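Trainee: Model the full structure from these sequences, guided by the hints.
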Amino acid sequence: MKYTDPEILAIILGMASVTYGIRFVLYARAHRTHIPDWLEAALKFVPVAVLTAIISPMILMPEQHFSLDWHNPWLLGAAAAFGAGFWKQQPLLTILAGVVVFFTARSLLP
Amino acid sequence: MNRFQAMRFGAVSTIPMIVGGIPFGIIFGSLAMSYGLPLWVPIAMSLLVFAGSAQFVALGLMAAGAPVWVIISTTLIVNLRHLLYAADFIKYVRHLPMGWRALLAFGLIDEVYAAVRPHYESGRLDAESGKWAYFGAIASFYLMWNTCTLIGIVAGEMIPDMSSWGLEFAMVATFIGIITPYLRRLPYWSAFLTAGTLALVLHGLPNNLGMLLAALAGVGAGVLSERFGHRDRQPTTTGKTAGEQP
Chain A
5 MKYTDPEILA IILGMASVTY GIRFVLYARA HRTHIPDWLE AALKFVPVAV LTAIISPMIL
65 MPEQHFSLDW HNPWLLGAAA AFGAGFWKQQ PLLTILAGVV VFFTARSLLP
Chain B
33 MNRFQAMRFG AVSTIPMIVG GIPFGIIFGS LAMSYGLPLW VPIAMSLLVF AGSAQFVALG
93 LMAAGAPVWV IISTTLIVNL RHLLYAADFI KYVRHLPMGW RALLAFGLID EVYAAVRPHY
153 ESGRLDAESG KWAYFGAIAS FYLMWNTCTL IGIVAGEMIP DMSSWGLEFA MVATFIGIIT
213 PYLRRLPYWS AFLTAGTLAL VLHGLPNNLG MLLAALAGVG AGVLSERFGH RDRQPTTTGK
273 TAGEQP
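If you're matching them up, the sequences are chains A and B in order.
Read left to right, the first sequence gives residues 5 to 114 (the numbering used here).
Read left to right, the second sequence gives residues 33 to 278 (the numbering used here).
Quick caveat, the hints were computed from the structure, so don't treat them as lab data.
None of these values were measured; they are calculated from a predicted model.
Ideal Cβ placement from N, Cα and C applies to all residues, glycine included.
The reader is advised that the hints may include incorrect statements.
[Claimed, not checked] No farther apart than 16 angstroms at their CA atoms in a straight line, the calculated lysine to aspartate or glutamate pairs in the EDC-like style are these:
| id | chain 1 | residue 1 | chain 2 | residue 2 |
| --- | --- | --- | --- | --- |
| 1 | B | K123 | B | D158 |
| 2 | B | K123 | A | D41 |
| 3 | B | K123 | B | E153 |
| 4 | B | K123 | A | E44 |
| 5 | B | K123 | B | E160 |
[Said to hold, decoys possible] Derived list of chain B stretches under chain A, where covered just means 3 residues or more per stretch with a C-beta under 8 angstroms from a C-beta of chain A:
| id | segment |
| --- | --- |
| 6 | 43-53 |
| 7 | 72-86 |
| 8 | 108-116 |
| 9 | 122-131 |
| 10 | 140-146 |
| 11 | 202-209 |
| 12 | 221-233 |
Mentor: As structure tokens, this is what we get:
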């Protein structure tokens with residue numbers, strides 16, 4: 005690792021500051037901030053849009069290239085999680101179904 | 033609900049997210065060790081930054097020897113989504129004193145948002161019980177995250193190839209657990225498909241910019257789909273637009 009200790013400290017403190025800044029800036033002025041209706045209507049799509057954008061490359065491009073193939077354990081695990089999620093809508097069941105299928109596929113597939 | 037009950041309610045609501053977070057925290061600690069970072073680095077990151085996916089990205093950048101400012105600005109971009117969560121939560125925290133808001137802002141992560149948000153919406157949590165439940169969710173996830181970072185550091189020393197096991201899949205499964213309850217109406221499907229497809233197409237962009245653009249496009253698709261496809265059928269009865277500002 006080619007960083008000095010002060011550099012690493014700067015990285016961590018910098019990361020902590022920007023992260024906290026993002027989370028706090030709107031809360032700090034919450035009593036005076038009014039979110040317009042159109043924005044309020046858009047915000048409810050945020051969790052689905054953001055989380056899907058994070059995971060879709062992990063599921064479909066695990067080796068950095070597109071892989072819609074049943075040998076891809078990420079795809080199988082995700083399919084199981086989605087299946088369980090649509091069936092019961094219980095996060096715990098969804099997570100366990102996905103994890104079990106993923107690790108089974110990983111250990112069984114060549 | 034009194035304070036204690038509300039805190040416990042928040043913590044219990046977070047259990048599914050905690051289960052998914054455990055392998056993710058462990059692999060974070062072990063990955064830091066496999067990159068040869070000093071012991072205190074993952075510990076300090078989990079204590080002070082408390083942002084799973086950004087911590088992962090930062091480790092990768094440090095392993096590649098990226099400049100300090102690149103790591104910090106990438107963290108900013110990866111975590112920008114929390115600004116959107118904050119905008120959505122403003123209505124539930126605006127009555128709180130500054131100290132409370134400063135505390136609750138620290139724990140505004142995907143998992144806490146996903147665990148607490150539905151209970152505000154359903155009316156299960158009110159202004160007073162909400163802050164304790166929100167705090168309980170943060171405290172339980174924070175405790176798990178830091179404990180698992182430590183476990184990962186120790187395990188990573190003992191089992192060197194652990195970082196290749198694919199434990200990150202737990203994060204994927206957790207996020208699917210958050211997403212699927214939304215996918216009951218067409219506009220959410222539009223957001224889902226648009227964000228998912230664009231994230232693949234734009235994957236090559238630097239600094240996770242593709243993720244951010246795909247997410248914004250997904251939000252836009254949801255709004256458009258709701259406006260043009262859904263409006264004339266029935267008025268939305270989620271109650272989200274009512275009762276905003278006095």
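Trainee: Each of the hints needs a verdict: does it hold here or not?
Mentor: Against the structure, the hints come out as follows:
1. K123(B) to D158(B): It holds: about 11 angstroms lies between the C-alpha atoms, which stays within 16 angstroms.
2. K123(B) to D41(A): holds, 12 angstroms
3. K123(B) to E153(B): Given pair K123(B), E153(B) holds - Cα atoms ~11 angstroms apart, limit 16 angstroms.
4. K123(B) to E44(A): holds, 10 angstroms
5. K123(B) to E160(B): holds, 13 angstroms
6. 43-53: holds (count 5)
7. 72-86: Coverage by chain A holds for the segment 72-86 of chain B (9 residues, Cβ < 8 angstroms).
8. 108-116: holds (count 7)
9. 122-131: Coverage by chain A holds for the segment 122-131 of chain B (7 residues, Cβ < 8 angstroms).
10. 140-146: holds (count 4)
11. 202-209: holds (count 8)
12. 221-233: holds (count 9)
The structure meets every hint from the earlier list without exception.
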